[in-house]
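Q: For the protein sequence lines, the chains are A and B, in the order given. Residue numbers 1 to 304, in the UniProt record's numbering, belong to the letters of the first sequence in order. Residue numbers 1 to 453, in the UniProt record's numbering, belong to the letters of the second sequence in order.
One or more hints might be untrue.
Chain A is nowhere near these chain B residues, computed Cβ spacing over 10 Å in every case [to be verified]:
| id | residue |
| --- | --- |
| 1 | 45 |
| 2 | 56 |
| 3 | 74 |
| 4 | 93 |
| 5 | 341 |
Some but not every residue of chain B turned toward chain A, in silico, with C-beta under 10 Å [unchecked claim]:
| id | residue |
| --- | --- |
| 6 | 38 |
| 7 | 96 |
| 8 | 157 |
| 9 | 160 |
| 10 | 162 |
| 11 | 165 |
| 12 | 247 |
| 13 | 250 |
| 14 | 251 |
| 15 | 299 |
| 16 | 336 |
| 17 | 429 |
If you are wondering where the hints come from, they were derived from the structure by calculation, not from laboratory data. Computed from a prediction, not measured in an experiment: that's the story for all the values here. Note that beta-carbon positions come from the ideal geometry of N, C-alpha and C, so glycine has one too.
These are the residues of each chain, in order.
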Amino acid sequence: MTAATAPERVRIVEVAVSGSPRRGLLSRLVGRLGDGTVQVALAVVALFWLMPVFGLLVSSFRDETDNNAGGWWTVFTKPAQLTLENYEGLAANETVLRSFLNTVLITVPSTVLVVVISALAAYALSWIEFPGRGWVTTVVVGLLVMPVQVALIPVAKLFGALGLFGTITGVVLFHVAFGLPFAIFLLRNFFTGIPRDLVEAARMDGAREWLIFAKVVLPIGKPAIASLAIFEFLWVWNDLLVALVFADQDSAPITVVLRGQLRQFGTNIDLLSSGAFLSMVVPLGVFLAFQRYFVQGVLAGSTK
Amino acid sequence: MSVPDTDAAGAPGARGVGRRRGHQVVDDPSTGRSPRLAALFLLPAALVLTALVLYPLVYSVVRSFFDRSGDEFVGVGNYVDTFTDRRTLTAFKNNVIWVVVAPVAVTGLGLVLAVLTERIRWATAFRLVLFMPMAISLFASGIIFRLVYDEDPDQGVVNAAVVGVHDLFSPSSSYPGAHPRDGAPFTATPEGFASTGTFRTGSAVTVPLVGFAPAQVPANAAAATAPTAGSDELRGVVWLDVSAGGRPNQLDGAEKGLPRISVEAVRDGGVVGRTTSGDDGRFTFPGLPAGSYQLRLPADNFELPFRGLTWLGPSLITPVIISSWIWIMTGFAITFIAAGLSAIPRDALEAARVDGATEMQVFRRVTVPLLMPVLLVVFVTLVINVLKIFELVLVIPPGSSQEEANVVALQMWQVSFGTGGDQGVGSALAVLLFLLVAPAMIFNIRRFRRERS
Numbered sequence: 001m002t003a004a005t006a007p008e009r010v011r012i013v014e015v016a017v018s019g020s021p022r023r024g025l026l027s028r029l030v031g032r033l034g035d036g037t038v039q040v041a042l043a044v045v046a047l048f049w050l051m052p053v054f055g056l057l058v059s060s061f062r063d064e065t066d067n068n069a070g071g072w073w074t075v076f077t078k079p080a081q082l083t084l085e086n087y088e089g090l091a092a093n094e095t096v097l098r099s100f101l102n103t104v105l106i107t108v109p110s111t112v113l114v115v116v117i118s119a120l121a122a123y124a125l126s127w128i129e130f131p132g133r134g135w136v137t138t139v140v141v142g143l144l145v146m147p148v149q150v151a152l153i154p155v156a157k158l159f160g161a162l163g164l165f166g167t168i169t170g171v172v173l174f175h176v177a178f179g180l181p182f183a184i185f186l187l188r189n190f191f192t193g194i195p196r197d198l199v200e201a202a203r204m205d206g207a208r209e210w211l212i213f214a215k216v217v218l219p220i221g222k223p224a225i226a227s228l229a230i231f232e233f234l235w236v237w238n239d240l241l242v243a244l245v246f247a248d249q250d251s252a253p254i255t256v257v258l259r260g261q262l263r264q265f266g267t268n269i270d271l272l273s274s275g276a277f278l279s280m281v282v283p284l285g286v287f288l289a290f291q292r293y294f295v296q297g298v299l300a301g302s303t304k
Numbered sequence: 001m002s003v004p005d006t007d008a009a010g011a012p013g014a015r016g017v018g019r020r021r022g023h024q025v026v027d028d029p030s031t032g033r034s035p036r037l038a039a040l041f042l043l044p045a046a047l048v049l050t051a052l053v054l055y056p057l058v059y060s061v062v063r064s065f066f067d068r069s070g071d072e073f074v075g076v077g078n079y080v081d082t083f084t085d086r087r088t089l090t091a092f093k094n095n096v097i098w099v100v101v102a103p104v105a106v107t108g109l110g111l112v113l114a115v116l117t118e119r120i121r122w123a124t125a126f127r128l129v130l131f132m133p134m135a136i137s138l139f140a141s142g143i144i145f146r147l148v149y150d151e152d153p154d155q156g157v158v159n160a161a162v163v164g165v166h167d168l169f170s171p172s173s174s175y176p177g178a179h180p181r182d183g184a185p186f187t188a189t190p191e192g193f194a195s196t197g198t199f200r201t202g203s204a205v206t207v208p209l210v211g212f213a214p215a216q217v218p219a220n221a222a223a224a225t226a227p228t229a230g231s232d233e234l235r236g237v238v239w240l241d242v243s244a245g246g247r248p249n250q251l252d253g254a255e256k257g258l259p260r261i262s263v264e265a266v267r268d269g270g271v272v273g274r275t276t277s278g279d280d281g282r283f284t285f286p287g288l289p290a291g292s293y294q295l296r297l298p299a300d301n302f303e304l305p306f307r308g309l310t311w312l313g314p315s316l317i318t319p320v321i322i323s324s325w326i327w328i329m330t331g332f333a334i335t336f337i338a339a340g341l342s343a344i345p346r347d348a349l350e351a352a353r354v355d356g357a358t359e360m361q362v363f364r365r366v367t368v369p370l371l372m373p374v375l376l377v378v379f380v381t382l383v384i385n386v387l388k389i390f391e392l393v394l395v396i397p398p399g400s401s402q403e404e405a406n407v408v409a410l411q412m413w414q415v416s417f418g419t420g421g422d423q424g425v426g427s428a429l430a431v432l433l434f435l436l437v438a439p440a441m442i443f444n445i446r447r448f449r450r451e452r453s
């Protein structure tokens, strides 16, 4: 395809010399109209994307009776039905509050550990020469798409033997393990892009490797680390499967606790909608505050 | 990258000042050469990955050849079970549907929207809105869509819309659920309620209806009275036979006639006359040839209101879950493809336009071919994602359609940790899932190697 552009470039010149090809008034009109249509169509698409979340948000501010009596869209005609009742109920629900805390206690250490461990490994893979480096990197790339399912049964057994089953530590360790391949890959790609001169200059000044790592590579790698941290944070925060297997009642994060209420969806909509929103507030906040890093992180980590 | 490691192994002190050889040789990437140091940096990652990913992978493969208890070797028995179990087969079938439909849909939608967003000023805002679902947990998205597709049109917005549109084009009947009183000489037929006997011209027929709330009777309804018919006509009255104290099948003077009910006169199986009741419930077939006629109240008088589709029922559940996944992933596809679009040389597009190509031709002949590598990456990524689909299928279907919606990842979890409790079969499913993503693994490694060289 790139080959085809060369003759086309010649034609640009030809056209530039001979004047632009005729475009009728009608076609220009259609072109303008087309843009208007595109605007409207995309606006409709955007509305479609917002509506489901908006519906849940509104439902979370209506009490059970109102929710059962009619759809969330009735607030447009009867806004008086909006109430904080569900959230007050949530605030009084020990189990949900505890699970929210658990989510934080699982997510923060997982993110920190993944960032630290992967940064060390990525540094070795990009700036320390050792035999088999290419091979190790290939293994990391291969592990990128590894489904967690292959490890659920063996690790459950292993954690059982080590007394880690049902603990927050266990959940964190599993998240770290399956967060690492992508994290190493992302940081390695970024670190190898650091100008050689910078690292080399530090080496010439006699800096030790860990100093180069801490003082040269890490500061330059900040944007990548930020993307990684945000991605990892959201990944763990939003997890259900891992916690479903490895957490017990006391260590369950909010997704697992809410999932337990699903069976009676209709009668639990007050708890489910407000609880789901509680669990969504943090990721949405992170998303809106760090859009760029978030998008970069997701694009890079999409194969996970 | 392709530097020979000849002296690497024997260089324990090869760091710091002593490591200067690299920058003197132009080809050398001047990396610090120290296997021992590399090992230290890699150690934590290697420990965790070995213990919790690599060893479990091997363990799962071995475990998949042993029975439920893990003591007895059963060969490929678990795999045979897997391919003969009805639930698992449903899961495989659904995974195939997912892989065939979902990634193509999202890649296509993402491509079209990414190209279109280039023509609007608020492209960033648009992409932000469509990307937002990526920040929400799949679990929460599941709850969101469970509500969106709720069967009750007073709960689920989709059915509310469907019912609204339906009623716009075919208004619901005036008397849903109403029917002749038991004992009245009418029987239910597919066409409606037909009289059991026939009536001669000149007679007057009483049709008592029940099964309808008096409060719902139209305001213009008047009290029903018994009609008398002329010799060449057939008359009758339809009324709501429910007043307190009134006798069944008898007009008591206070009971309301039912307006606007259509009535048919039938002879020899064919409809020969059609009329509609008035405000007092009375109806007349004038000018009928003398003879006997059967009376029929067509079914559309009494149809129950349309309540939309059972989206979460067994037949529609997989398309419904796929639609929620499309909602989640399209933003990703758009953003990824938009990044690829911005890398396309503008002059290639301009050249085609200048040549007189329409926007559609530019899109098909220039944009799409140039974007192919990006589209392939997006597509592969989506396929991997789809193979692992779990939370949505766990959350969206109500219990009654869980089984129809099943997918491999969910089945693996249920078999291993749910009611099944068979970790032999569970391991076999995990290994199969691994084999399903293995091509993507190879794809990634190949791409990585190519980019490196």
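Q: None of the hints should be skipped; say for each whether it holds.
A: These are the hints, each one checked on the structure:
1. Residue 45 of chain B, annotated as away from the interface, has a beta carbon of chain A within 10 Å; the closest lies near 4 Å.
2. Not every beta carbon of chain A lies more than 10 Å from that of residue 56 of chain B, the smallest distance being close to 4 Å; the non-interface claim is violated.
3. Every CB of chain A lies more than 10 Å from the CB of residue 74 of chain B, the least distance being 16 Å, so the non-interface label holds.
4. The beta carbon of residue 93 of chain B is kept farther than 10 Å from every beta carbon of chain A, the shortest such distance being approximately 19 Å.
5. Non-interface status of residue 341 of chain B relative to chain A is upheld: no Cβ of that chain comes within 10 Å, the nearest being about 14 Å off.
6. Interface hint status for residue 38 of chain B: upheld, as the beta-carbon distance to the closest one in chain A is roughly 4 Å, under 10 Å.
7. Against a cut-off of 10 Å between C-beta atoms, the interface hint on residue 96 of chain B is violated, since the closest Cβ of chain A lies about 17 Å away.
8. The beta carbon of residue 157 of chain B comes within 6 Å of a beta carbon in chain A, closer than 10 Å, and the hint placing it at the interface holds.
9. For the restraint placing residue 160 of chain B at the interface with chain A, the shortest Cβ-Cβ distance is roughly 6 Å, inside the 10 Å limit, so the hint holds.
10. For residue 162 of chain B, the suggested interface contact is broken, since its CB lies about 13 Å from the closest CB of chain A, more than 10 Å.
11. Below 10 Å, beta-carbon pairs count as interface contacts, and residue 165 of chain B has none with chain A, the closest being about 15 Å; its hint is therefore violated.
12. Checking residue 247 of chain B against chain A: minimum C-beta separation of about 38 Å lies over 10 Å; hint violated.
13. Because the closest C-beta pair between residue 250 of chain B and chain A is about 39 Å apart, greater than 10 Å, the hint is violated.
14. Taking 10 Å as the C-beta contact cut-off toward chain A, the hint placing residue 251 of chain B at the interface is violated, the least distance being around 38 Å.
15. Checking residue 299 of chain B against chain A: minimum C-beta separation of about 29 Å lies over 10 Å; hint violated.
16. Satisfaction of the interface hint for residue 336 of chain B is found here, the shortest Cβ-Cβ separation to chain A being roughly 6 Å, below the 10 Å cut-off.
17. With 10 Å as the threshold, the beta carbon of residue 429 of chain B comes within range of chain A, its nearest partner Cβ sitting at about 7 Å, so the hint holds.
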